[in-house]
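Please model the complete structure; the sequences and the hints are all you need to start from.
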Amino acid sequence: MSEPRLSREEIANLEVGHTDISRGTALTIVALFLAFIVVLPFIQLGLDVKNAKDHGGVQTFEVAAIPAKALKAFKNGAPIDDPAVNAAGLLKRFNAANTQTLKSIDAYETDLKDNSFLTQALVSPMQAFNTRFLGQGNDLAYIGRDGWLFFRPGVNYVTGPGFLDDDRLLKRSRGGAAWEDAPTPDPRPAILELHSYLQAQGVQLILMPAPVKAMLHPEHLSSRYTAGGPVLQNPSWNAFVSEMSEAGVTLVDPSTAMQTVSNMFLKTDTHWTPEAMLAATKALADITRDTLQLSAPTTPPWSTRAVEVTNLGDIAANSLQLADAGIFQAETVTIQQLIDPPDLTKDAEIVFLGDSFANIYSVDKGLAWGDDAGLAHQLANELGQPLLAFTQNDNAAFATRQMLFSHALKQGSGFWKNKKVVIWEFAIRELAVGNWKPIQWDLIPDRGAVSTHPVAAATGSQTITGTIRKLSRPPKPGSVPYRDCIVQLYLEGVQGDGIDSKVALIRLFGMQDNKWTDATKFEPGQQVTLEVTDWASTAKARQLATLRVEEAELSVDELLEDAPNFWTDLATP
Amino acid sequence: MVFSSHLFIFVFLALALGLYYTARRFGGKGHLTLTLLSYLFYGWANPMFVFLMFGSTVIDYVCGLVIAKRFGRDWSAPDVALEAGGSRTKAQRIALMVSICSNLSLLGFFKYFNLGVDSFNGLVEAFGMGDMALNAIRITLPLGISFYTFQSMSYSIDIYRGHARPIRNFIDFSCYVSLFPQLVAGPIIRFHEVAEQLRQRTHTLDKFARGVAFFCLGMSKKVLLANPCGWIADASFNAGSVGFVDSWVGVVAYSFQIYYDFSGYSDMAIGVGLMLGFVFPKNFDSPYISQSITEFWRRWHISLSSWLRDYLYIPLGGNRLGEVRTYINLALVMLLGGLWHGASWNFVIWGGIHGGMLAFERLQGKDSFYRSLPRVAKIAVTYIIVLFTWVFFRTDDLGHALSYCGSMLGLSSVHDGAGLIAGAVYKPYYLIYFALAGIVVWFGVQTWDYTRKITPFKATLILLSFVYAVVVMTTQQFNPFIYFIF
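Same order as they appear, the protein sequences are chains X and S. The numbering used here numbers the first residue of the first sequence as 60 and each following residue consecutively. The numbering used here numbers the first residue of the second sequence as 373 and each following residue consecutively.
Keep in mind the hints are simulated off the structure, nothing from the lab. It cannot be assumed that every hint is accurate.
[To be verified] Simulated pairs of lysine to aspartate or glutamate, EDC-like, Cα-Cα distance not exceeding 16 Å: (1) S/Lys825 with X/Asp79; (2) X/Lys574 with X/Asp170; (3) S/Lys654 with X/Glu68; (4) X/Lys230 with S/Asp769; (5) X/Lys479 with X/Asp406; (6) S/Lys654 with X/Glu69; (7) S/Lys830 with X/Asp170.
Have a look at this one:
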């Protein structure tokens, strides 16, 4: 007679009951394991306590603040006249509290890992070892061949599915964290709505998606390609070009023009070389001239000088954070700097929107590749006339459009009176990864051009107090290809000498040198006292205007409140 | 909160072990502590869903008491199992139906609502009535709902069948349903498997040490093998199109990723369970050395396949109702098994292929040509079939799955940029771990066998691999966990 079959549980019990291990080994493995999982957190706690003053509290214990934040969100979640009968309002409040809790949990968990002494001590050496010997990049960077580096979203633009594929658009529109608005993945409505609005104002729109490295230098990433081959594109590109053409939007593809130079991109940086940028500028200028029926200036209005700039690229320094590892060499390029360049913040017939592909060589701050020689400057020189430029590193799908909208909103539709064209440059990868949030251009009031928002004080600093109504948060350090980022505080109940407004928009560093500043500690509803200076003059003096700004999500009404803009260095929560 | 995270290892686990053993020291079973910890663990993913789990727990607890006829009897009387195969009253049958229906409704609503809406939208758009599409409605899937509803149901069914004694103590029952080590990704623990352990279990140094070994090895499998393979798989599967070689590398990498990811998590769950005195049965048994799909399902996600066998296949008649009915039952069970994994027609196809293969292998009989092939050939054939099914499991939609299978057969067109994938994944780092993963899959021993005898050398190796895994986890952002979405 056969033995009865043992159940899975019986087998497991038998197995565990017969572990062959000596008491000494068992004690050792248990003791070492427990020591590892207990001692490290205690060391971290000790360090947190030591740094509590600088950080405004013990970081490990910040978990205790999560319920209080949830309660606050519950109270602010929705107005309820009679909670007993207003079920929908109550549900909204629960949802607000839950969403806030999810957000707080995510932030806490991220902080716990990223700010632990273990992470701080290990990330750079491990990344350096893996990059040098094993060719491993990270979430932002691929290690190419012969010292070349590639920004991962740029490669993904080329290898990924078509950015206009219905399935992809649907999937992206359902992405994002629970506490964030879902992204708007389709670039076409945003472009076409701007085009329609501009058409109604009698203004042309010219688009120039700036090519990414993987399109033009695939041979430096994969040995399956050779130099000088065809330009690689996303599968949806041709369909996009056709749709733009049918809608009457002028589209400039500078790839072919760029291929006339040998090195089109910097080895360790996301961006193009000065030579490739000049080739792209010429292509853009030619089409702009054709569109506006301008003749080429007989002599360039601004003279230039050649300046050598040496720097390590943003992928090596920021994405991989290997600036000091000695793995990648700094590159030297020669830029054509405009002598006595035009002021790109002054009103002009040509409006230019651009991202870091425009800022590189134009704005040394943040990018460190020299001044006054970038795309907007060179385009002005090529066209023989100044531009009004709105530029910002990153988020080109929305940020510069929003900057233009805010500017025009305050000026009224009269702003467009003397405008001929809007030239919009953005990194082509934005078509696949950008958040193309819609903008209601028709909200721009129908009135003549007026001066911009009131300026508080031309020079010098002053103290203001106010309560934070809205604020923006910086990205996680190391998760973006830049080291500095500005955030905004929108204050209400503002008081201060010489301030005639009840509201104010304050800008300050949220991230500096890949580290969060104390600006991340501000909360809505908090009263603050800040030492501020006028934003426009400070931005100009310190080249802050082109840095990535995380915009506080202001409603149109808030934008129309005409809040004075300030800058603060001092964050005193 | 995933096991392979700073928060779990350096905060939650240490806290849980400390509180649990403190509670036991003061004379309790530690179940209240474990339940509270488990609710915290679950609520960390989304606080709203703890109410859902609590509701499901209450319903099954009450149903269990009704089935066991506990109401109206002396509460202090000892719990006894019903007579197996005995007759049941109407109230008992209704209570069982309430339990099953409530769990399946919960699972059905949260898991398949979106699929229903998407299918409806696809249909109305196909008939040119796109304006009827329901675009605004989306439901968030509660974490681990597939696992705990199955566990909860098994309680009522086991009590009804007389396979286990009911639990009077609500805390004990809550502890069983919510037990954090296996709450969100299994293994699925059927009630009768842990019923006695909830009443009494032992805590020994050997058991704890083996638990540590399980946890450390599971963590190493997850971080050191699953993650690099996942990187390769993502590069291939996220591409718009992919070449012949890259598609095979991608799907093999995915097969390694899902195996190490899930079996690593199971090992960690078993390990934490052992540290808390619980013994959970084996969930994986070197599945890629299977010589047939039938054998594969004896080795892959064993807790699910045995659940489906005991609670679905056998009640449907199993192999007792003739050949044709057996084939239908096999196919049906696997189809439903596929659907259990996720709300997508791809999962249905994945389950359908497996079910079809199970029926086909049974039809072939013991004297088929296939059975006469050498062992290596049978392993290879089985693995290749499994790889094709993984394509349906990994991709988001049927179009992508078919196009990827086309690439594996050299039939799909490849766009110019597809070659860049090579530059992204054929790096020493990924290739080393990819090769190591393959070696361990086919030549290594699985965790149960490896930890049966723990020598000082093995203990050192286990701890070192754990420390290295923690270092890698700390320094890298890429740390997905596949079964968290099921």
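>> Against the 16 Å threshold, does the CA-CA distance of S/Lys830 and X/Asp170 hold or violate the hint?
In response: violated, 35 Å
> Taken at face value, is the distance from the CA of X/Asp406 to the CA of X/Lys479 at most 16 Å?
Replying inline: Between X/Lys479 and X/Asp406 the Cα gap is close to 12 Å, so the pair holds against 16 Å.
> Does S/Asp769 lie within 16 Å of X/Lys230 when you go C-alpha to C-alpha?
Replying inline: holds, 11 Å
> Given the proposed pairing of S/Lys825 with X/Asp79, does the C-alpha separation stay at or below 16 Å?
Replying inline: Since the Cα atoms of S/Lys825 and X/Asp79 sit roughly 4 Å apart, the hinted pair holds (cutoff 16 Å).
> Given the hint that S/Lys654 pairs with X/Glu68, does the C-alpha gap stay at or below 16 Å?
Replying inline: Roughly 9 Å separates the two Cα atoms, so the pair holds.
> Hey, X/Lys574 versus X/Asp170, does the alpha-carbon distance stay inside 16 Å?
Replying inline: holds, 12 Å
> Given the proposed pairing of S/Lys654 with X/Glu69, does the C-alpha separation stay at or below 16 Å?
Replying inline: holds, 11 Å
The structure fails hint 7 only (numbered hints given earlier).
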